[in-house]
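Asker: Sequence:
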Amino acid sequence: MHFKFFYQNSRLLLFGIIMSFTSSFGQTFFISLFGPSIQFEYGLSHTSWGTIYLIGTLLSAIILTYSGSLIDYYRLNFYTYFSVIALVFSCFFISIVSGYFFLIFAVFLLRQTGQGLTSHISVTTMARYFSEKRGTAIAIGSLGMAIGEAILPFVVIILISLIGWRLTYLSSSFFILFCLFPVIVLLLNGYKERFIEKTANIPEDQISKNNNISIVRSFTRAEVLKDFRFYLMVPGLMAPGIILTTLFFHHLNIADSKEWSHLWITGNYFVYSISVSLFAIFIGSLIDKFSAKTLVIYSLVPIIISLFFLILSREAYTVIPYMFFLGLSSGFTYTSHPAIIAELYGTQFLGSIKSLLSALTVFGSAIGPVIFGGLLDLDLTIETILLYFSIYSLICTFLFIFALRNKYN
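Numbering-wise (the working numbering), the sequence shown opens with residue -16 and increments by one.
No lab work stands behind these hints: they were computed from the structure.
Don't take each hint at face value.
[Unchecked claim] Dumping the calculated EDC-like pairs for lysine to aspartate or glutamate here, alpha-carbon to alpha-carbon at most 20 angstroms: (1) 390 - 206; (2) 241 - 206; (3) 241 - 360; (4) 272 - 115; (5) 241 - 366; (6) 390 - 210; (7) -13 - 115; (8) 241 - 362.
Given the sequences, and given the hints that come with them, work out the whole structure.
Answerer: In structure tokens:
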């Protein structure tokens, strides 16, 4: 079933995969691999590096509310080409950067173009061009990120040990420019004629035969901001960005506290990636059948389970089920959270609405590691902090339930 769907929509789905993979170069899991080398070269403490990362990410979140909305008003190919070339420049810039101010600016560029724009393009395009199979399309598009998380850490660690962190990021810019960018151009060739045929011709004021989704019309961002349900859902929509980013940013600290080797915890990232890939597709299929509104209330449960593995055990084998459920949570949220926005608010202004949520997610990913580090400085144990994250996720789950039981007022 999925193979037939992929074959029939191969160009559009491959575009989503490539764009989500390209976003890896500005994601926390990738940048964090360079953290120790950057800290050593600049003489930065954990707090100082975390603060630089916070400032750069917060600036990205602020700008993303505007830059992300432009996808609704500019041609997809132009918007994509600009974003990818900007990411190439970002990777090049951090490889030659000198001084704290320019380091902050380099982090801002990477977060804006990587975590921000390229991932935003992938998710928004999948959600906009598919109606009936939206969940499956978003899930397939997210596979690029899973591939990046599985492959890139291993490659980067080897390259840094061989040629240093600066040449590694410089190599990344060349890889994007000469390997990924030509593929993106090829996939977008004649996209208006090719992609429009893949858009499901189901009016948004009708109910899908497959999943009971009913959308009266497309809402503008201003109208969404007047919907009380949106504010109830925001904490839950931000939760994965806050918690997962924090965990990946502090995985080495977690490993130290558990007396695990760094290689052991990073070497098991492949478990996370496999879990993301499998469950993203599975959850996408369930969304197509039952709707995101039905499933999203369960999206944070796997995060809670993964956290409790770390809370309750110090054994090395704990990493495997922890990574498995962490990947399950990522696959669930990657797929269900964009889909719920499209179901509730339509697709005409999806870019503007999604950019607002992306900005909030980026903001959460900025404050999460700092909060975690600050609580560690207050001598709280890692287990206690993770328990707080679990309670937060549980509260967000109840907010989801309450929000989705009500209608737009």
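Asker: Please flag the earlier hints that this structure goes against, numbers listed from lowest up.
Answerer: Violated hint: only 2; rest satisfied.
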